[in-house]
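Please put together the full structure from these sequences, using the hints given.
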Amino acid sequence: MGRGRAKAKQTKVARELKYFSPNTDLTALERELHGSSYAEPEPVSDPSAGEDEYDEYGKWASGQQ
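One point on numbering: in numbering that gives the first Met the number 0, the residue at position 4 of the sequence shown is 3, and numbering is uninterrupted.
Hints listed in this document are in silico derivations from the structure and should not be mistaken for laboratory results. Any given hint could turn out to be false.
[Stated by the list, open to error] Taking CB as the label site, the calculated pair distances span:
id: 1; residue 1: Pro-21; residue 2: Pro-42; range: 39 to 45 angstroms
id: 2; residue 1: Leu-28; residue 2: Arg-4; range: 36 to 42 angstroms
id: 3; residue 1: His-33; residue 2: Lys-11; range: 34 to 40 angstroms
id: 4; residue 1: Lys-8; residue 2: Glu-41; range: 52 to 58 angstroms
id: 5; residue 1: Ala-5; residue 2: Ala-27; range: 35 to 41 angstroms
[Said to hold, decoys possible] SDA-like, lysine to any residue: derived pairs with alpha carbons at most 25 angstroms apart:
id: 6; residue 1: Lys-8; residue 2: Tyr-18
id: 7; residue 1: Lys-6; residue 2: Lys-17
id: 8; residue 1: Lys-11; residue 2: Gly-1
id: 9; residue 1: Lys-17; residue 2: Ala-27
id: 10; residue 1: Lys-8; residue 2: Phe-19
id: 11; residue 1: Lys-11; residue 2: Pro-21
id: 12; residue 1: Lys-8; residue 2: Pro-21
id: 13; residue 1: Lys-17; residue 2: Ala-7
id: 14; residue 1: Lys-17; residue 2: Gly-3
id: 15; residue 1: Lys-8; residue 2: Ser-20
id: 16; residue 1: Lys-17; residue 2: Arg-2
id: 17; residue 1: Lys-6; residue 2: Ser-20
id: 18; residue 1: Lys-17; residue 2: Leu-28
id: 19; residue 1: Lys-6; residue 2: Tyr-18
id: 20; residue 1: Lys-6; residue 2: Phe-19
id: 21; residue 1: Lys-6; residue 2: Leu-16
id: 22; residue 1: Lys-17; residue 2: Arg-4
id: 23; residue 1: Lys-11; residue 2: Asn-22
id: 24; residue 1: Lys-17; residue 2: Ala-5
id: 25; residue 1: Lys-11; residue 2: Thr-23
We put the beta carbon where it would ideally sit given N, CA and C, even for glycine.
Printed below as a string of structure tokens:
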């Protein structure tokens, strides 16, 4: 029978969450979403980028070694 007080509290909290609308700073939100400080990350240079990992297999398959 002690559930009435807890249920009333939950209902009160739910109502506050449903109807409470805080002031939203839309310009701050826009700045956050379209941040001008974002920089494209630089690609990592791979020392073996010029070599094809299947090169030696191609030579082997064509009979060149």
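*Can you give the numbers of the hints that this structure goes against, from lowest to highest?*
none
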